[in-house]
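Novice: Per our numbering: the sequence shown = residues 1498 to 1859.
Fair warning: there could be bad hints in the mix.
Ranges between beta-carbon positions, derived for each pair [to be verified]:
1. 1501 / 1760: 42 to 48 Å
2. 1552 / 1737: 32 to 38 Å
3. 1501 / 1587: 54 to 60 Å
4. 1513 / 1790: 39 to 45 Å
5. 1576 / 1756: 43 to 49 Å
6. 1640 / 1848: 49 to 55 Å
7. 1787 / 1501: 16 to 22 Å
8. 1760 / 1587: 25 to 31 Å
9. 1787 / 1702: 30 to 36 Å
10. 1676 / 1747: 40 to 46 Å
11. 1552 / 1700: 49 to 55 Å
12. 1713 / 1558: 34 to 40 Å
13. 1858 / 1760: 38 to 44 Å
14. 1713 / 1504: 48 to 54 Å
FYI, nobody ran anything at the bench for these hints, they're computed from the structure.
Remember, predicted model here, so these are calculated numbers, not experimental data.
Note that beta-carbon positions come from the ideal geometry of N, C-alpha and C, so glycine has one too.
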Amino acid sequence: MKITQVTVNVLRVPVDRPYVAGGRTVDANWHVLARITTSDGVEGIGYIVYPRPDLMTTIGHAARELGEHLIGMNVLEPEAAWDRLARRGDWVGPGGLLHCALAPLDIAVWDAAGKTLGQPLHRLLGGYRDRLPTYASDGLWVSLSPAELAASAKRHVESGFGAVKLRLGKEATPELEARRVHAVREAVGPDVRIMVDAVESWSLARARHTGRVLQDAGIAWLEDPVHHLDVAGLAELRRQLEIPIAAGEHLYHLDAFRRLLEAQAVDVVILDLARVGGVTPWRKIAALAHAHRVPVCGHVVPEIQVHGLSAVPNGHMVEYVPRSAGILASMPRIEGGELVAPQAPGLGLELDEAAVRRYQVA
């Protein structure tokens, strides 16, 4: 059960339809893929995904160097492994690059632990359920026209989704933002939940005004209406609006989530596996949210997030953005609007090795 080998590669996985995010056109999703091998011949995999080639190449180098310090560790001791790597890398400062480099290694350790014990990860982490409601989030970008946005949302609903999440934040007025929501509502009907992600686009005053307009439009939650460090602003919006406020995907540390929760600033906590540093810290943050009676959702990598979210009692919904489908033999299946956690040991995921070789750049 000792770790005997660690490899890390960077992959460039092209997208079918380029999209605009953060003011840039995205034509590929970049992965940092880690593999660990144990003395029993078990292989664990883990990866993170971002559309940033410059950052991901750097993260890949950092993960490769950190991975050397896993050699000789017991794969059934992920807490000890995470702590060793965090201490080795703390010279670069907490969070940021360090957590993103830690995450694929930590996920791979948990995958190998599950395979060693013959248990799926969601059971190893708590086993509260084996599936969770999911919402479509891909292809609903701010760069689309209202008509294009409505057509994309309708395709998702026809594919079995009962909820969708739109990106907003670039229109000149709150009324024009709401027009996009109304266009989607007309396309998908009255029973589909429509969430909105403002991607930290607004000032507090603009968020207050737009939030009221979107509330009247019938959205199910408002995500990241202001900058993630404006905890007081989020708390004010939560007090003044009737719609749930969601935030957290830009946070890195347990302490940051503690401040968010103690300020009663959110109704839903969003967790990004890469930013928090993998499964090991993810479950601590989820437990902290549970102590505050706040549900948690994941950010991207649904095939991994479904394990953690299914394992905990406050798991809420899985964001479905299949950015890694191009390197996997298959994605977890969707049944009745729910994403089903894989039942095979560990992550229950199988790499498409030919695709991995094709897309490998480092």
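Novice: Now look at each hint and say whether the structure bears it out.
Specialist: Each hint, compared with the structure:
Checked against the hint of 42 to 48 Å, the pair residue 1501 and residue 1760 passes, with Cβ atoms roughly 46 Å apart. The hinted range of 32 to 38 Å is satisfied by residue 1552 and residue 1737, whose Cβ atoms lie roughly 36 Å apart. Roughly 26 Å separates the CB atoms of residue 1501 and residue 1587, a value that falls outside the hinted 54 to 60 Å. About 40 Å separates the C-beta atoms of residue 1513 and residue 1790, a value consistent with the hinted range of 39 to 45 Å.
Between residue 1576 and residue 1756 the beta carbon distance is about 24 Å. The supplied range of 43 to 49 Å is therefore violated. Between residue 1640 and residue 1848 the Cβ separation comes to about 31 Å, which falls outside the hinted range of 49 to 55 Å. The beta-carbon spacing between residue 1787 and residue 1501, approximately 36 Å, falls outside the hinted interval of 16 to 22 Å. At about 27 Å, the beta-carbon gap between residue 1760 and residue 1587 stays in the expected band of 25 to 31 Å.
Taking the beta carbon of each, residue 1787 and residue 1702 are about 33 Å apart, inside 30 to 36 Å as hinted. Taken as a hint, the range 40 to 46 Å is violated for the pair residue 1676 and residue 1747, whose Cβ atoms sit roughly 27 Å apart. Evaluation of the 49 to 55 Å hint for residue 1552 and residue 1700 yields a failure: the beta carbon distance comes to about 27 Å. Taking 34 to 40 Å as the suggested C-beta distance range, the pair residue 1713 and residue 1558 does not conform, at roughly 49 Å.
Judged by the Cβ atoms, the range 38 to 44 Å given for residue 1858 and residue 1760 holds: they are separated by roughly 42 Å. In this structure the supplied range 48 to 54 Å holds for residue 1713 paired with residue 1504, their Cβ-Cβ distance being about 53 Å.
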